[in-house]
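Novice: Each chain, written out:
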Amino acid sequence: MSTKKKVLLKVIILGDSGVGKTSLMNQYVNKKFSGGYKATIGADFLTKDVMVDDRIVTMQIWDTAGQERFQSLGVAFYRGADCCVLVFDVSLPSTFKSLDSWRDEFLVQASPRDPENFPFVVLGNKIDLENRTIQSKRAQQWCQNKNNIPYFETSAKEAINVEQAFQTIAKNALAQESDQDIYNEFPDQIKLPGDNKLNNSDAGCSC
Amino acid sequence: MNTNLIEDNKCDDQNMETENWNVELSGEIINSRQYTNENLEGEISNLTKTLNSTLNFVENEEIYWQTWEWKSKQHIFILSSAGKPIYSRYGNEDDLVTLFGVMQAIVSVVLDSNDELYFIHTSNKHFSFLRKESLLLVSVSQLPSNSDLSIMRLNYIYNQIISILTLTQLTRIFQQYNNFDLRRLLSGSERLINSFIDFTENEPGFFLNSVECLPLSSSVRDNIAQAIISSCQKIRNLLFAILLAENQLIIIIRMKKYFLLPSDLHLIFNLVSSSQSFRTAEGWTPICLPYFDASGYMQAHVSYLSEECQACLLLLTVDRELFFILSEAKQKIVEKLDRNALLQQIKEAMKKPKIFASEFNVPKLRHFIYKNKNTNQFVFPQYEVPYHIPEKQNSLLLLYCQLCQQLNKPFTSLKLLFQQLKTETVLGWDTKGIELYLIFEPFVTKPEAINAVNKLLKYIKKDEDKLFIVNSPTF
Numbered sequence: 001m002s003t004k005k006k007v008l009l010k011v012i013i014l015g016d017s018g019v020g021k022t023s024l025m026n027q028y029v030n031k032k033f034s035g036g037y038k039a040t041i042g043a044d045f046l047t048k049d050v051m052v053d054d055r056i057v058t059m060q061i062w063d064t065a066g067q068e069r070f071q072s073l074g075v076a077f078y079r080g081a082d083c084c085v086l087v088f089d090v091s092l093p094s095t096f097k098s099l100d101s102w103r104d105e106f107l108v109q110a111s112p113r114d115p116e117n118f119p120f121v122v123l124g125n126k127i128d129l130e131n132r133t134i135q136s137k138r139a140q141q142w143c144q145n146k147n148n149i150p151y152f153e154t155s156a157k158e159a160i161n162v163e164q165a166f167q168t169i170a171k172n173a174l175a176q177e178s179d180q181d182i183y184n185e186f187p188d189q190i191k192l193p194g195d196n197k198l199n200n201s202d203a204g205c206s207c
Numbered sequence: 208m209n210t211n212l213i214e215d216n217k218c219d220d221q222n223m224e225t226e227n228w229n230v231e232l233s234g235e236i237i238n239s240r241q242y243t244n245e246n247l248e249g250e251i252s253n254l255t256k257t258l259n260s261t262l263n264f265v266e267n268e269e270i271y272w273q274t275w276e277w278k279s280k281q282h283i284f285i286l287s288s289a290g291k292p293i294y295s296r297y298g299n300e301d302d303l304v305t306l307f308g309v310m311q312a313i314v315s316v317v318l319d320s321n322d323e324l325y326f327i328h329t330s331n332k333h334f335s336f337l338r339k340e341s342l343l344l345v346s347v348s349q350l351p352s353n354s355d356l357s358i359m360r361l362n363y364i365y366n367q368i369i370s371i372l373t374l375t376q377l378t379r380i381f382q383q384y385n386n387f388d389l390r391r392l393l394s395g396s397e398r399l400i401n402s403f404i405d406f407t408e409n410e411p412g413f414f415l416n417s418v419e420c421l422p423l424s425s426s427v428r429d430n431i432a433q434a435i436i437s438s439c440q441k442i443r444n445l446l447f448a449i450l451l452a453e454n455q456l457i458i459i460i461r462m463k464k465y466f467l468l469p470s471d472l473h474l475i476f477n478l479v480s481s482s483q484s485f486r487t488a489e490g491w492t493p494i495c496l497p498y499f500d501a502s503g504y505m506q507a508h509v510s511y512l513s514e515e516c517q518a519c520l521l522l523l524t525v526d527r528e529l530f531f532i533l534s535e536a537k538q539k540i541v542e543k544l545d546r547n548a549l550l551q552q553i554k555e556a557m558k559k560p561k562i563f564a565s566e567f568n569v570p571k572l573r574h575f576i577y578k579n580k581n582t583n584q585f586v587f588p589q590y591e592v593p594y595h596i597p598e599k600q601n602s603l604l605l606l607y608c609q610l611c612q613q614l615n616k617p618f619t620s621l622k623l624l625f626q627q628l629k630t631e632t633v634l635g636w637d638t639k640g641i642e643l644y645l646i647f648e649p650f651v652t653k654p655e656a657i658n659a660v661n662k663l664l665k666y667i668k669k670d671e672d673k674l675f676i677v678n679s680p681t682f
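Chains P and E supply the protein sequences, listed in that same order. Per the working numbering, the first sequence starts with residue 1, numbered consecutively. Per the working numbering, the second sequence starts with residue 208, numbered consecutively.
The hints are simulated quantities; they were obtained by calculation from the structure and are not laboratory data. Any given hint could be a false lead.
Unchecked claim - With the Cβ distance kept under 8 angstroms, some of the chain E side facing chain P (calculated, not the full set):
{"#": "1", "residue": "K291"}
{"#": "2", "residue": "Y384"}
{"#": "3", "residue": "P411"}
{"#": "4", "residue": "D500"}
{"#": "5", "residue": "P617"}
Cβ coordinates follow ideal geometry from the N, Cα and C atoms, glycine included.
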């Protein structure tokens, strides 16, 4: 393994059932779209390498079913996410309304260090459909109010904006990850507690 | 090690269909059960499918997968509790990102129902899981391996990581950033993990929880100890001086009241054997010994005695400023050893081949292990025919390992074990202060075996103070 590692980002996709999370992911990773709907069982994982500013970034994308099944993964699903993608269906107002609770749920469960600046991305999916009910303006407004979350209108079916959206996801997550300051000034040194015996086990090797 | 793990699951039936699986969980320590939760089914088959496909990938790279070597080896994965890859023994972990996610998901599903996943057995893969506060360690083997041993191995690997980072740092980093990519801190240390896994597969010291000593007459050993003690006497905060001949201990001198356990010594062996740089220049390196104190580092001065005498001296202290003092002490030690012809003695002892089982003239005895339980030291003779080829050595080790596990099973009082197997007759004996494992030709009778034990014990007793470190000198 080389010292210059590729970067790994954990990306989770949230949103109501049927908004097209799995389709978006498939479109992005495999460049294909399957029209039929299949409920996701547990978590689905996909991996994709992208280039962001000369660095190779591996995205580990965690996808989940709408409401009930992901609960079984509990906090592990959210833990340590580098970016959270919120998806709604532009033709279904209820899925847009759910964004608030998805975002809250994420912040509670993942409890990121800096919730205000945690990288979210919102995707309004299915813009290829005729019966659009949530207009761009309304979605943009919501995103602005949440500390300027980037907003993309996508179609997994027509492959519109999918690539761009995920590029932004990777970029924002990477920016966040690079902030980590891991070098503490002094490594921890053990101290001998005077004459007190350390908590050595009795089974000590007397060799 | 958690000795209360659930019973080894017997899943020898090779005719099971590939989709068959069973899972072992244990909510309480002794309570064990087989689990067939419908909710888990999706995840488990997902896991096994993903695993099979990634393992096939490994196979394409021609890494052991189909060979006997692989059959006896385990695949090892380490991941963070967020499901991010940290280490993969084979293959590139960047290519196995999905697999890591699936493993984390499975363990979490079980955890979420207030239970704990330890093992999954499918018809041709056996998984063991060890969950720690910040990490998840997973091993996969093709053979229905000993489950307790797999968990013990994963604990060893975890300790190697603690040894590199300290528990304090590991805990703190994940408390601060639960999305942390631990490879950033471990890069460059993978060789330590690799070689420690090899150690657990190749060295009997691992399952015997013991160390091997370099045979030396007790007067020579005492003189070496004196040379070291007299050169270090005025140095404060010097905890241990350890002299190694590869993976054999020559002497260990300790500060009063402090001891090192074999598993910590194994970490020291591993540090020395996997670092070539100490051969060319004296080293000054932090090392954490988890059983001694997992919270922080000791500082180790590491150097070889001389060009001619390739024994490695470690001086362990808690004082980071002690380098020059220890460097000076080392010079003094070498001078004293040289002056008293002890360097020469060590060199000669290191050149001598290990003892052979055949030199004891015990009829039909092929090989043996003698372990002194009081000092946690053992004797392991040189491999001889028919154990002269690696494949046979490997199965011999596995055989010993099984014997050792059977004799040391918690809550049993098995003292003597005699088995006539297809290719060997084996005897394991646990008696006061000693564990003895003998491997004979097939068709050896019990009286013959007992005779052999008595004969062997007599020989070993005679050489005891040469084969083992009997004194425990202090500064």
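Novice: Hint by hint, note whether the structure agrees.
Specialist: A quick look at each hint next to the structure:
The interface hint given for K291 (chain E) holds, since its Cβ lies 6 angstroms from the closest Cβ of chain P, which is under the 8 angstroms cut-off. Because the closest C-beta pair between Y384 (chain E) and chain P is about 5 angstroms apart, less than 8 angstroms, the hint holds. Of the supplied interface hints, the one on P411 (chain E) is violated, with its beta-carbon coming no nearer than about 16 angstroms to a beta-carbon of chain P, more than 8 angstroms. Given the 8 angstroms rule on beta carbons, the hint for D500 (chain E) holds: about 5 angstroms separates it from the nearest Cβ of chain P.
Annotation: interface hint on P617 (chain E) violated; nearest CB of chain P at approximately 14 angstroms, more than 8 angstroms.
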